[in-house]
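A.B. asks: Chain order of the listed sequences is P and G. Residue numbers for the first sequence follow numbering that gives the first Met the number 0, so the first one is 0 and each next one is one higher. Residue numbers for the second sequence follow numbering that gives the first Met the number 0, so the first one is 0 and each next one is one higher.
Among the hints, a few may not be true.
Unchecked claim - Below, a list of computed lysine-lysine pairs in the BS3-like style, where the Cα atoms sit at most 25 Å apart:
1) P/Lys138 x G/Lys207
2) P/Lys172 x G/Lys46
3) G/Lys80 x P/Lys174
4) G/Lys114 x P/Lys252
5) G/Lys214 x G/Lys68
6) G/Lys173 x G/Lys15
7) P/Lys252 x G/Lys134
8) G/Lys68 x P/Lys172
9) P/Lys172 x G/Lys33
10) G/Lys114 x P/Lys236
11) G/Lys132 x P/Lys253
12) G/Lys132 x P/Lys250
13) P/Lys91 x G/Lys114
14) P/Lys252 x G/Lys295
15) P/Lys110 x P/Lys265
16) P/Lys252 x G/Lys132
17) G/Lys240 x G/Lys214
18) G/Lys207 x P/Lys151
19) G/Lys28 x P/Lys252
20) P/Lys252 x G/Lys29
21) P/Lys138 x G/Lys187
22) G/Lys329 x G/Lys15
23) P/Lys250 x G/Lys114
24) P/Lys252 x P/Lys50
25) P/Lys253 x G/Lys137
26) P/Lys250 x G/Lys207
27) G/Lys214 x P/Lys250
28) P/Lys138 x P/Lys110
29) P/Lys253 x G/Lys240
30) G/Lys332 x P/Lys265
31) G/Lys134 x P/Lys250
32) P/Lys250 x G/Lys87
33) P/Lys138 x G/Lys88
34) P/Lys265 x G/Lys329
35) G/Lys29 x P/Lys265
36) G/Lys114 x P/Lys253
These are computed hints drawn from the structure, not numbers from a lab. These figures come from a predicted structure and were not determined experimentally.
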Amino acid sequence: MGLNMIVTVKQVPDTHDVASDAMKPDGTVNRAALPTIFNPEDLNALEEALKIKDRVGGKITVITMGPPKAVDVLRDCLFRGADDVVLISDRKFAGADTLATSYALKCAVEKIGKYDIVLCGRQAIDGDTAQVGPQLAEKLGINQITCVTAVKELSDSFITAQRAVDGGHEIVKSKFPVLLTVTAEANEPRSPSAKKVMMYKNIDKKTTDESYDETYMTAGDNAALTFIKEWNVDSIKADPEQCGLSGSPTKVKKIQSVVLTASNTKQIQNNEQSIAALINELRAEHILG
Amino acid sequence: MSDKNVMVFIEYNNGKIADVSLELICEAKKLASKLGSAVTAVAIGDKIATSLPLLGYHGCSKVFLYEDKRLANFTSVPYAKIVVETIKKYNPYIVLFGATTNGRDVAPRVASELKCGLTADCTDLQIGEHDIKDKVYKDILLQIRPAFGGNIIATIVSPESIPSMATVREGVMKISPPNMELTIEIVKEEHQLSADDFMSEVLEIVRKERSVNLKGAAIVVSAGMGAADEDSFALVKELAKTVGGVVGASRPFVDSGRLERDHQVGQTGTTVRPNLYIACGISGQIQHRAGMAESKRIIAINSDPNAPIFGIAHYGIVGDIKEIIPRMIKAYKNKL
Ligand SMILES: Cc1cc2nc3c(=O)[nH]c(=O)nc-3n(C[C@H](O)[C@H](O)[C@H](O)COP(=O)(O)OP(=O)(O)OC[C@H]3O[C@@H](n4cnc5c(N)ncnc54)[C@H](O)[C@@H]3O)c2cc1C
């Protein structure tokens, strides 16, 4: 049958190992000191799209919004099997909160035009908001299934998916078009294919504002891309007022780095008397029964 | 009374009002008393009216009730549209959702449609002021949350769009004791949904009982990777049993498969604030501390005197778990 899929991905600073030199003295994050990575759950979203394509056929277009350097993650998507990739980049997008981000992505998705499923990672590790997916779905006026842990059934008009809910899971069925947010539990992302790495390792971006060529959706798999499309505010027909900082209702008032609250730690010697004294003290205060 | 009401989105768990919703009602009550306003709620479901007086006991004065067979289970589009309708009709000043799977599913759709700000997974809320250029916004919601993998704490405001909306982490806000004398006004509402809005069909719901109730426990004894060998883990469990506590764990310990996810304490697990927290072989990385730093008393047991956990512990014991825990158990039993 063949499904048209759009995947949104993001390049993020690696927050797993934030060393102290990554924090500036004023408590803000020195992004430059952090390596950038493919947002982990976005890789799961791409993998889920690839699995759907393996199952029923189809085409996968990946979009990322970010600085020019974000083409790295798009190249990675091509290595793993995406059919087409688009970078949305413009100074006017800078400072976007989730609302402004989802607005820009919506404009790009509408420029692409035809789709059955939009897949997003559940959340990005730099913000942990999990808001862009549902906001994109609302702006597109389509249904959503969040926190997807498995795709069950697929037909040419609907999908059945399992989603994690607090303390368990549920199985939800939705007609197309639908947006899914995919969790790390859903799959194990495949590695880049050596053949595709050879094919695309030098591919670069090129600004283009032609209307999106939908015919690629039906073109054969061997129609290799020659460049990565780069779109800006004008080419996706976005209202600059709704982009970036001006389209973002939330403002950061204050940032504090997390410092240990220096409490008065009482050192207890590791011997029977000291430990017994501690236990008795806690008993006297009714902390221990 | 001001008209800056605080509205709470009510969630249900197996037919009962979820704890997080009661936590939010109590938090909303605090915010409302600073604003001189009232707490309202929006409750969506099927045959749920009898559950609502409980909201009143915790300080909610009015609830907007939507009942329909098709609303028995949570689905994104109908729930989001109803919340939007309610906000448009009653103009709350602040709207709070639990940072649960469904709260975080519905809140962004609502914020997107209303084009207002939304802050995810807040751990603290305050009323304060903020200025942009020459304009001072008074009495606005300060939304405080960890960001960047827990390495920073950000205060977010959205003064130019009303309502201010936030999802709030479960277990962080306290439930104050109910007052059975308080009453609630139940306002029956008719939704404006059409058949096309019911886009999802829930085919199956599986909810396991939690394997442990960390949030409600007075004493939590937690195992980290320093207690990963079988003997040490057995000692941690024995200590918990002896003192009448429950067993918690760090994330890598849970990842190693010996305990279910329900036992995980921390930023991506449960937030606890017991009377006593005993950290056994836990280094005390920021993501772990985020879930236990507000415990009344903290005992840290770690062989590394420089482990960050000692920075927030009230009592520190440097040494091997295998020596220390048996001494604690012995001391405790001696007194009985
Ligand atoms: C986005 C994100 C979210 C996260 N969320 C969470 C979360 O919710 N909860 C969480 O816990 N972690 C979380 N983490 C992981 C966190 O960063 C730490 O890696 C984790 O808490 C460390 O676990 P640990 O202390 O058990 O292990 P380790 O860091 O390996 O520490 C083991 C400690 O045991 C001590 N030790 C070893 N042997 C002994 C012995 N015989 N006796 C006494 N002490 C001994 C060592 O000195 C060491 O301090 C998260 C990480 C990220 C990036």
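A.B. asks: For each hint, tell me whether it holds in the structure or not.
C.D. replies: Tested hints:
1. P/Lys138 x G/Lys207: Violated, at about 34 Å.
2. P/Lys172 x G/Lys46: The hint holds at about 24 Å.
3. G/Lys80 x P/Lys174: At roughly 18 Å apart (the allowed maximum being 25 Å), P/Lys174 and G/Lys80 satisfy the hint.
4. G/Lys114 x P/Lys252: holds (20 Å)
5. G/Lys214 x G/Lys68: It is violated: about 33 Å lies between the C-alpha atoms, which goes past 25 Å.
6. G/Lys173 x G/Lys15: Status holds; Cα separation ~18 Å.
7. P/Lys252 x G/Lys134: holds (14 Å)
8. G/Lys68 x P/Lys172: holds (18 Å)
9. P/Lys172 x G/Lys33: Between P/Lys172 and G/Lys33 the Cα gap is close to 44 Å, so the pair fails against 25 Å, i.e. violated.
10. G/Lys114 x P/Lys236: holds (19 Å)
11. G/Lys132 x P/Lys253: Status holds; Cα separation ~16 Å.
12. G/Lys132 x P/Lys250: At roughly 13 Å apart (the allowed maximum being 25 Å), P/Lys250 and G/Lys132 satisfy the hint.
13. P/Lys91 x G/Lys114: Answer holds: P/Lys91 to G/Lys114 is near 19 Å, not above 25 Å.
14. P/Lys252 x G/Lys295: Judged against 25 Å, a Cα distance of about 30 Å means the pair is violated.
15. P/Lys110 x P/Lys265: Answer violated: P/Lys110 to P/Lys265 is near 63 Å, above 25 Å.
16. P/Lys252 x G/Lys132: holds (13 Å)
17. G/Lys240 x G/Lys214: holds (17 Å)
18. G/Lys207 x P/Lys151: holds (21 Å)
19. G/Lys28 x P/Lys252: holds (24 Å)
20. P/Lys252 x G/Lys29: holds (22 Å)
21. P/Lys138 x G/Lys187: violated (29 Å)
22. G/Lys329 x G/Lys15: Answer violated: G/Lys329 to G/Lys15 is near 42 Å, above 25 Å.
23. P/Lys250 x G/Lys114: holds (14 Å)
24. P/Lys252 x P/Lys50: violated (42 Å)
25. P/Lys253 x G/Lys137: Cα-Cα ~16 Å, so holds.
26. P/Lys250 x G/Lys207: violated (39 Å)
27. G/Lys214 x P/Lys250: violated (32 Å)
28. P/Lys138 x P/Lys110: holds (14 Å)
29. P/Lys253 x G/Lys240: violated (43 Å)
30. G/Lys332 x P/Lys265: Holds, at roughly 23 Å.
31. G/Lys134 x P/Lys250: Holds. G/Lys134 to P/Lys250 sits at ~14 Å (cutoff 25 Å).
32. P/Lys250 x G/Lys87: holds (23 Å)
33. P/Lys138 x G/Lys88: This hinted pair holds, its Cα atoms lying about 21 Å apart.
34. P/Lys265 x G/Lys329: holds (21 Å)
35. G/Lys29 x P/Lys265: violated (35 Å)
36. G/Lys114 x P/Lys253: OK: G/Lys114 and P/Lys253 at ~23 Å, within 25 Å.
When each numbered hint is compared with the structure, violations occur for hints 1, 5, 9, 14, 15, 21, 22, 24, 26, 27, 29, 35.
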